[in-house]
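Engineer: Given next are the chains, with one letter for each unit.
Number of protein chains: 2
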Amino acid sequence: MKQDEFELAWLPELVYTGGRFESGVALLCDWSGRIAGLARASEVGDGKLVRLKHRAILPGLVNGHSHAFQRVIRGRTEYRTGKGSDDFWTWREMMYRAATRLSPADLYDASRMIFLEMALGGITSCAEFHYIHHAPDGVPYDDPNLLSKTVIRAALDVGLKICLLRVSYARSGFATEPNPRQLRFIEEDPQSFLSHADSLRAEVAKAHAGRAWVGLAPHSVRAVPLDYLRECFRYAEEHQLPVHMHVAEQPAEIEACMKEHKRTPVALLETEGLLSERFTGVHGIHINVEETRALARARSLVCACPTTERNLGDGIVPAELLFQEGVRVSLGTDSHTQADLLEDARELEYNMRLQKLERVVLNRTSDEPSALAASLFDSATRHGAESIGIRGGGTLEAGQAADFFTVDLHHPSIAGAAPEDLLAHIVFSLPASAVRETVVGGRMIIEDGHHRSEREIIEKFIALQKRLWS
Amino acid sequence: MKQDEFELAWLPELVYTGGRFESGVALLCDWSGRIAGLARASEVGDGKLVRLKHRAILPGLVNGHSHAFQRVIRGRTEYRTGKGSDDFWTWREMMYRAATRLSPADLYDASRMIFLEMALGGITSCAEFHYIHHAPDGVPYDDPNLLSKTVIRAALDVGLKICLLRVSYARSGFATEPNPRQLRFIEEDPQSFLSHADSLRAEVAKAHAGRAWVGLAPHSVRAVPLDYLRECFRYAEEHQLPVHMHVAEQPAEIEACMKEHKRTPVALLETEGLLSERFTGVHGIHINVEETRALARARSLVCACPTTERNLGDGIVPAELLFQEGVRVSLGTDSHTQADLLEDARELEYNMRLQKLERVVLNRTSDEPSALAASLFDSATRHGAESIGIRGGGTLEAGQAADFFTVDLHHPSIAGAAPEDLLAHIVFSLPASAVRETVVGGRMIIEDGHHRSEREIIEKFIALQKRLWS
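Sequence lines, in order, name chains A and B. Position one of the first sequence corresponds to residue 1 (the numbering used here), numbered consecutively onward. Position one of the second sequence corresponds to residue 1 (the numbering used here), numbered consecutively onward.
Since the hints were derived computationally from the structure, they do not count as laboratory data. Be aware that a few hints might be false.
Said to hold, decoys possible - Examples of chain B residues toward chain A, derived with CB under 8 Å:
1. Gly313
2. Asp367
3. Ala415
Stated by the list, open to error - Below, a list of computed lysine to aspartate or glutamate pairs in the EDC-like style, where the Cα atoms sit at most 20 Å apart:
4. B/Lys460 / B/Asp106
5. B/Lys466 / B/Glu456
6. A/Lys466 / B/Glu368
7. A/Lys83 / B/Glu358
8. A/Lys83 / B/Glu368
9. A/Lys356 / B/Asp106
10. B/Lys466 / A/Glu22
11. A/Lys206 / A/Asp143
12. B/Lys53 / A/Glu13
13. B/Lys262 / B/Glu277
14. A/Lys259 / A/Asp227
15. A/Lys53 / B/Glu459
16. B/Lys466 / A/Glu420
17. B/Lys460 / A/Glu13
18. B/Lys356 / B/Glu320
19. B/Lys149 / B/Glu203
20. A/Lys356 / B/Glu255
21. A/Lys466 / B/Glu420
22. A/Lys460 / B/Glu13
23. B/Lys259 / B/Glu238
24. B/Lys466 / A/Glu368
25. A/Lys2 / A/Asp46
26. A/Lys83 / A/Glu93
27. B/Lys149 / B/Glu177
28. A/Lys466 / B/Glu22
29. B/Lys83 / B/Glu93
30. A/Lys262 / A/Glu290
31. B/Lys48 / B/Asp30
32. B/Lys53 / B/Glu447
33. B/Lys83 / A/Glu368
34. B/Lys356 / A/Glu255
Stated by the list, open to error - What follows is a set of in silico ranges between Cβ atoms, one per label pair, in the way DEER data are often shown:
35. A/Ser23 / B/Asp46: 48 to 56 Å
36. A/Thr365 / B/Ala398: 57 to 65 Å
37. B/Lys356 / A/Lys53: 47 to 55 Å
38. B/Met94 / A/Val289: 30 to 38 Å
39. A/Val289 / B/Ser453: 51 to 59 Å
The beta-carbon is built from N, C-alpha and C at its ideal position, and this holds for glycine as well.
Using the sequences and the hints given, assemble the complete structure.
Structural biologist: Spelled out as structure tokens, the structure:
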């Protein structure tokens, strides 16, 4: 390694690379924020070395599914709303109460708050499934992408990379009365939706190449009729964009799809030829073996959001089935009731244990101490990157962006781990708070557990919550 | 309130008292470490005031079930151990590998580590279900209570209160060959067990009154034959001690009990007249309506340990049934795969949501924003205190010990909460790391997120893990 091929060398105690932790190895970053490679500490000149004592470096976590604005209802929906029982649908009405009242400035403050929390927890990239487009009265803003750009700006200001999944939302549902609380989401005409997405794509590519990019997200089969869906997928195919869609989150959604299309959502996508390796079905809870195989054949992914899914009473992602059939699972913090992607990772496995009354369900091919943890960690990193359009991302390989985080090896949750079981300690026991540094594109956005703007971001958010709810 | 009736007044932004957060109120503590009452800030002389900016004070969490030494196997059992599937019983063999090799000094170092983590997470009292009594070869130490006292010393040195539940363990199981890995646990004769417990009780009462105390824990119906059980319960009744027992954690344990006694464990305890309000059944996962009602009639408690139970593949505590029938549920971190009692609290509710595909299951009687959270918080505080023998504990009422913790109201996980939904934010979204101060008996053991001995405790533990496993 020549000394002019890198700009900076990070030297922690351990680096997670090639599926294991290596010691005495420095991570080299070039001037453009990419990884130049790894080198022995002795090969690196002292002037370029950043020593990180008691730290391990791991590839940055990738948040595959986020609704940033829902941070404003954290802790505000955990009570009985009426005489009947509560469920996803009663929660949704409460969520709409927030969605209908946020100004662009409010959305910025809420988004920065959750992006800050993500950064503090080791997340370096996030896919934002963004569906609030218009003013509260349903009238489009002069710039139809105002709010998409607001969320992008919030992520970039915090220092995260963002894949803005612009959502198409045409209707309340099949043969369903319009819901006035969805006024801000609706773009009935696929051509105008695509023209908005197209200008957003161009603007973002020009202004933020490599830091922000655009994908499409037809909201769900409920909210988007078939012709419209086809248009979205055609555009995404043409421009090779990631496509995400809520799929099989709730039984009622599947029933409605059976009524309209005589097929389940996944079966519909398959028979229409819409599944591809650029497609991610978000949730994928209520799917069967056949649907799973259809996803596997197309190399599509499923994005699971276990902390949200337990909060909303959605049910349990059939992770064993997905893993067995070779469907890659990515992870998202979704409604942000918690913002701890490793908790999501461990719940993939834990929910299987609770269903089967067994242990070590999702990786039985190896007796390496961290083999199962590595499978779950792939969901939080590599599969997330693949799902949101970062080719080969979620690793510390040369040529990839220098997106990573560090953990404190003396943190009480993982102290005493050996290199071979450190990843198991991290995946099963580390709270987000043990993340010490987060680096995105070679730039340190979290240093020793803090963000330089955190006080301002938090104070603005507290003021927003007061304004919204009191 | 006269100024000589208290020694110190803690003034945070909010105090959780009487089931709600009050502002502008100081918590008064007397010289003996008890709560003298609450007062308006203006009534308190400045010299006695400890101002806590951006903080809320809540009653200390009570950890109802702990095996401290199991901290040494955290992160070391998450892999395939053989050709068959893994479960609780294969995990137990791995756990025994640790239990068989710890010296008294090792046990001290491991115990301090987990007690430190508990203190950092707002836990002020812990019930240690302690079953390692003898040297590794099964020979009793000169002092049969050496290891019990070692664990007590570890808790007190960290600053926690501890209820040492001395475990009786007579056999491997009904009609089962002895397991050499259980040699350290076994005291075959109830009289010698009780005489050891009796001297421990006397010594602890003399040396550590109010900070440590003793209860009994017949390990399980598997490990303790009926006559022996009766002796234990008789002694506990005579001295009014808490009695804990593992109950219905695994289906195999119930099958064995059916074979030996023609009844389930709970039915056996009931027909033998052993249930009482001093009894806590730990786990209580595989129990039916009749058994639940038997527990309710006797005013017995169930201690649930959801983070451990999901890790071990034990199954889901039937929390809705227990709540409906009026059985108080306490919480324990048990194997310490995580040490975050609020995560245990939220899992009580979340596992119900995943089973029923509904929301807000465990408290449907109120539409107060924090009513459900308050029920879960009671499990982490009041019911824990009742279960381990702290009468009226787990509250900030006058006369109770000044055992409490603070949270940072500007922590990203709860920032923006209003007083009425703050408890819901805390129970559903706060990570243990947002705890800033922990105070036990009026003495601050965690200050601004740190313990004064944490560096030494962690370094000793890291050295222990190296010694044990490399």
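Engineer: Run every hint past the structure and note whether it holds.
Structural biologist: For each hint, the structure was consulted:
no.	hint	in the structure
1	Gly313	holds, 4 Å
2	Asp367	holds, 5 Å
3	Ala415	holds, 5 Å
4	B/Lys460 / B/Asp106	holds, 9 Å
5	B/Lys466 / B/Glu456	holds, 16 Å
6	A/Lys466 / B/Glu368	holds, 18 Å
7	A/Lys83 / B/Glu358	holds, 14 Å
8	A/Lys83 / B/Glu368	holds, 13 Å
9	A/Lys356 / B/Asp106	violated, 35 Å
10	B/Lys466 / A/Glu22	holds, 17 Å
11	A/Lys206 / A/Asp143	holds, 17 Å
12	B/Lys53 / A/Glu13	violated, 37 Å
13	B/Lys262 / B/Glu277	violated, 25 Å
14	A/Lys259 / A/Asp227	holds, 17 Å
15	A/Lys53 / B/Glu459	holds, 14 Å
16	B/Lys466 / A/Glu420	holds, 12 Å
17	B/Lys460 / A/Glu13	holds, 19 Å
18	B/Lys356 / B/Glu320	holds, 10 Å
19	B/Lys149 / B/Glu203	holds, 9 Å
20	A/Lys356 / B/Glu255	holds, 18 Å
21	A/Lys466 / B/Glu420	holds, 12 Å
22	A/Lys460 / B/Glu13	holds, 19 Å
23	B/Lys259 / B/Glu238	violated, 31 Å
24	B/Lys466 / A/Glu368	holds, 18 Å
25	A/Lys2 / A/Asp46	holds, 14 Å
26	A/Lys83 / A/Glu93	holds, 15 Å
27	B/Lys149 / B/Glu177	violated, 30 Å
28	A/Lys466 / B/Glu22	holds, 17 Å
29	B/Lys83 / B/Glu93	holds, 15 Å
30	A/Lys262 / A/Glu290	holds, 16 Å
31	B/Lys48 / B/Asp30	holds, 11 Å
32	B/Lys53 / B/Glu447	holds, 13 Å
33	B/Lys83 / A/Glu368	holds, 13 Å
34	B/Lys356 / A/Glu255	holds, 18 Å
35	A/Ser23 / B/Asp46: 48 to 56 Å	holds, 54 Å
36	A/Thr365 / B/Ala398: 57 to 65 Å	holds, 60 Å
37	B/Lys356 / A/Lys53: 47 to 55 Å	holds, 48 Å
38	B/Met94 / A/Val289: 30 to 38 Å	holds, 33 Å
39	A/Val289 / B/Ser453: 51 to 59 Å	holds, 54 Å
Violated hints for the displayed structure, listed by number in ascending order: 9, 12, 13, 23, 27.
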